[in-house]
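Q: These protein sequence lines map, in sequence, to chains S and C.
Under our numbering, residues 8 to 258 are what the first sequence spells out, in order.
Under our numbering, residues 322 to 889 are what the second sequence spells out, in order.
Just so you know, the hints here were simulated from the structure itself, not pulled from any lab data.
Among the clues, some could well be false.
Stated by the list, open to error - When the alpha-carbon atoms are kept at most 16 Å apart in a straight line, the in silico EDC-like pairs for lysine to aspartate or glutamate are as follows:
| hint | chain 1 | residue 1 | chain 2 | residue 2 |
| --- | --- | --- | --- | --- |
| 1 | C | K528 | S | E212 |
| 2 | C | K551 | C | D590 |
| 3 | C | K704 | C | D745 |
| 4 | C | K528 | S | E191 |
| 5 | S | K143 | C | D590 |
| 6 | C | K528 | C | D571 |
| 7 | C | K528 | S | E189 |
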Amino acid sequence: MKRAVLVLAATGALSAQNLQGVLKRGEEVFSQTCATGYCHTAKGGAGGGAPRLAARGFTQAFIGNTVFRGVPGTAMPAFGMSLPQADLVAVVAYVATLNGIPNPNLPPSGAASAPAAAPLSPEAARGRQLFSDATKGFARCSTCHEVQGIGMPVATGIAKVPADSAALKALATPNVSTAASEGETMPALMVARRAQSVTFYDLSEVPPVLRTVLPAGIQTREGSNWKHSSVIASYSDAELSAILAFLRGAI
Amino acid sequence: MVVHASYHRQMRTTLLLVVLAMACRGQDAAATRADWPHYGGTQFSWRYSALDQINTANVKNLVPAWIFQTGDYAENLQATPIVSGGVMYLITARAQVFALDAASGKVIWQYRSQEARRGRPGTIADNNASRGVAVSGGMVLFGTADNFLVALDQKTGREVWKVSVDDTKQCGCGITAAPLVVKDKVVVGGNGGDSAHRGYLTAFSIKSGRLAWRWYVTPGPGEKGNETWKGDSWKFGGGAPWLTGSYDSDLNLIYWGTGNAASDFFDADRVPGPNHSRDVNLYTASVVALDADTGKLRWYYQEVPDDLWDYDSAYEVLLMDREVRGRMRKILAHMNKSGLTFVLDRQTGEYLGSFNVPEVFNWIAGVTENGTLVGRNEPQVGKQAMFCPSAAGAKSWNSMAYSPRTGFLYVPVNEICENLTANDEKPQEGRGYMNGAFPMALPPNRATYSHIDAWDPVIGKRAWSDPYKYLLLASMLSTAGDLVFTGDPEGNFFALHARTGAKLWNFQTGAGHRGASVSYSVNGRQYIATTTGWQQSVVGGAALGLFPQENWRQGSTLVVFALPGAGK
């Protein structure tokens with residue numbers, strides 16, 4: 008909600024130069040995020056998959072609210088948590104200008120710009136790309152790990168980054184057990200045991216399958232013959248080193 | 322001699338009977354009866370019911386039998402209901418699934434999906450819509466906006482397995498299509514072909530949820546077809562097969578339409594040479610035939626080489642056996658967004674003919690005898706021009722239907738254009754990658770902007786056409802009672818005479834139609850069920866923008882009709 012207050016607060020005028028910069032950024036954000044064909048059209052005109060936004064008599068507060076919270080029951084998403092703060096401010100100001108508000112209010116300078124993230128080393132940047140490399144299909148780290156909002160949180164968060172690719176391949180996975188269900192034995196990552204059901208990931212193949220069975224329908228024992236090396240075979244040692252460089256900075 | 326001749330005659334008779342039996346079996350297997358087992362009716366995707374209790378003589382007596390409000394008012398209800406053994410399986414826009422008594426509407430079980438993970442803002446992945454479940458092997462199977470494929474126990478609604486097909490936050494993609502069940506596997510396509518994304522079909526075991534195969538629409542390095550892409554452009558080349566395919570069990574082939582090449586309106590970064598007219602950016606904007614067991618490509622036919630208009634070919638594929646130029650053939654009929662409709666031999670992919678459905682078009686001058694597009698009118702970067710039909714399509718995703726009694730396809734056709742300005746922006750993974758602004762516009766000098774047509778696909782002739790003032794965005798249903806059903810944005814659900822197009826019955830359902838209708842029977846009583854609830858975003862939103870004085874209503878209600886006193 009703190010971010011909402013920042014977006015919605017009308018905290019005074021800024022220099023004309025700063026306003027021009029914010030509005031230019033707002034138009035860029037609008038073009039990339041809002042005028043995408045499925046939704047609004049360029050400059051908020053009519054004829055897109057979402058309503059016209061120009062010359063509707065919207066107040067800046069209404070625009071801010073709508074952008075931040077979305078419109079429930081429609082395709083208008085809540086952007087409050089998905090766009091950077093500076094972009095939220097900029098796009099709200101831009102849409103305000105489309106509604107006859109030539110000098111929209113902006114928060115004090117500084118509040119509108121999020122702190123810049125430290126740039127990644129070339130190796131770490133390559134590692135970040137490899138971590139979720141779509142060309143590897145399911146044989147990528149992000150099939151089971153979520154880091155910085157990318158990937159599926161099948162495994163619990165990565166707490167400790169292995170020293171090198173050999174250590175990554177040899178990683179011990181004591182939390183993977185062996186389950187027997189419906190006449191089959193499989194490596195399993197337990198998620199929940201409840202009175203009514205047992206939920207676990209079947210790790211026989213990638214992607215892992217989240218399965219739910221009745222408590223009577225499963226037997227488990229500790230340990231398994233599952234190996235972390237079996238699911239990272241699509242990466243070379245150099246690629247694994249780059250991924251580790253990324254993870255060291257990210258975790 | 323006599324014995325010999327008789328033997329030959331007997332053989333001929335036997336052969337003839339076998340041929341007839343095969344033809345009839347093909348026809349029989351393509352119609353639904355008491356059940357409505359698949360998204361397209363059967364895996365032949367005709368949306369045709371052999372039931373004829375409701376027919377041209379008595380349809381005027383049709384009345385509501387029951388109504389079901391899902392309570393999930395996320396704009397719209399688009400799903401094709403599945404009916405099996407007197408139970409209806411229905412999914413809402415936010416993937417709430419219901420099993421209903423198909424005779425009374427009573428809830429047997431319901432399943433509530435978790436709130437979807439948000440996708441990339443401004444991509445299709447943030448669109449709440451679901452076009453249906455599949456039912457097979459004791460499971461109810463469906464995809465979600467955030468790319469999970471889920472299997473529920475058909476009897477209890479309990480979740481059995483769930484698998485992540487892709488990361489919606491990365492890919493700018495999601496699943497709105499109903500899956501296709503084929504033997505022991507479930508095959509599902511995703512959307513996202515207008516994002517910087519590489520489309521694919523994925524098959525999983527119905528029983529265990531384990532991966533069976535994946536087929537990428539754009540071939541990678543070393544694979545045949547990769548040479549039709551410039552540099553690394555195949556990585557974000559789109560082609561997402563975002564609807565539901567068909568299956569021919571005799572040939573063991575799955576048929577699917579693939580989406581447009583990405584970026585949509587700008588090709589300089591993806592086309593490797595001067596050739597724009599044959600096999601460009603494979604296998605986008607194509608019909609493909611895949612081996613049902615392995616997912617290996619058997620043949621393809623590219624309908625829109627170097628698609629520069631977002632005319633993706635992702636739509637339904639209708640499989641039928643028809644006599645073509647004096648010879649009985651296994652054919653398929655397939656329309657893409659441009660409205661150009663292709664008839665292909667479904668064993669080989671051979672081009673047999675095509676016909677153009679919209680009345681207003683300017684993207685090509687025509688098609689040669691061998692199916693090559695000629696007189697291409699391509700968008701230019703930075704220059705606005707009007708193109709017809711628009712990227713919303715001469716038909717949207719809603720399906721056409723086919724009747725073996727008339728031999729006609731029943732097609733809801735829209736006449737809309739767009740003012741397109743292309744740009745040359747570079748891709749960012751998972752972000753929108755259409756490269757153009759394209760506000761919709763009505764073509765000049767018309768009073769009506771859509772029509773329901775009956776087309777004979779073999780001779781490529783329109784038999785009749787019913788004009789309508791606004792747009793038509795709901796699927797068609799045809800029945801052996803010689804009736805064609807669909808709905809309009811104003812809330813009317815109506816029946817037309819399949820042979821003449823005459824309107825025989827109309828019912829105001831209270832909300833716009835953006836989904837599908839089906840027919841089934843329970844205890845000898847035939848029912849017609851339709852979803853209602855207009856979608857006010859994407860193409861539904863564009864339609865509203867064209868007619869700003871209208872207020873077509875959202876909703877999420879199923880309305881089911883029957884004849885008074887029919888059945889037991």
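Q: Take the hints in turn and mark each one as holding or not.
A: Structure-based check of all given hints:
1. K528/C to E212/S: Cα-Cα ~14 Å, so holds.
2. K551/C to D590/C: holds, 7 Å
3. K704/C to D745/C: holds, 12 Å
4. K528/C to E191/S: At roughly 12 Å apart (the allowed maximum being 16 Å), E191/S and K528/C satisfy the hint.
5. K143/S to D590/C: violated, 23 Å
6. K528/C to D571/C: violated, 23 Å
7. K528/C to E189/S: holds, 11 Å
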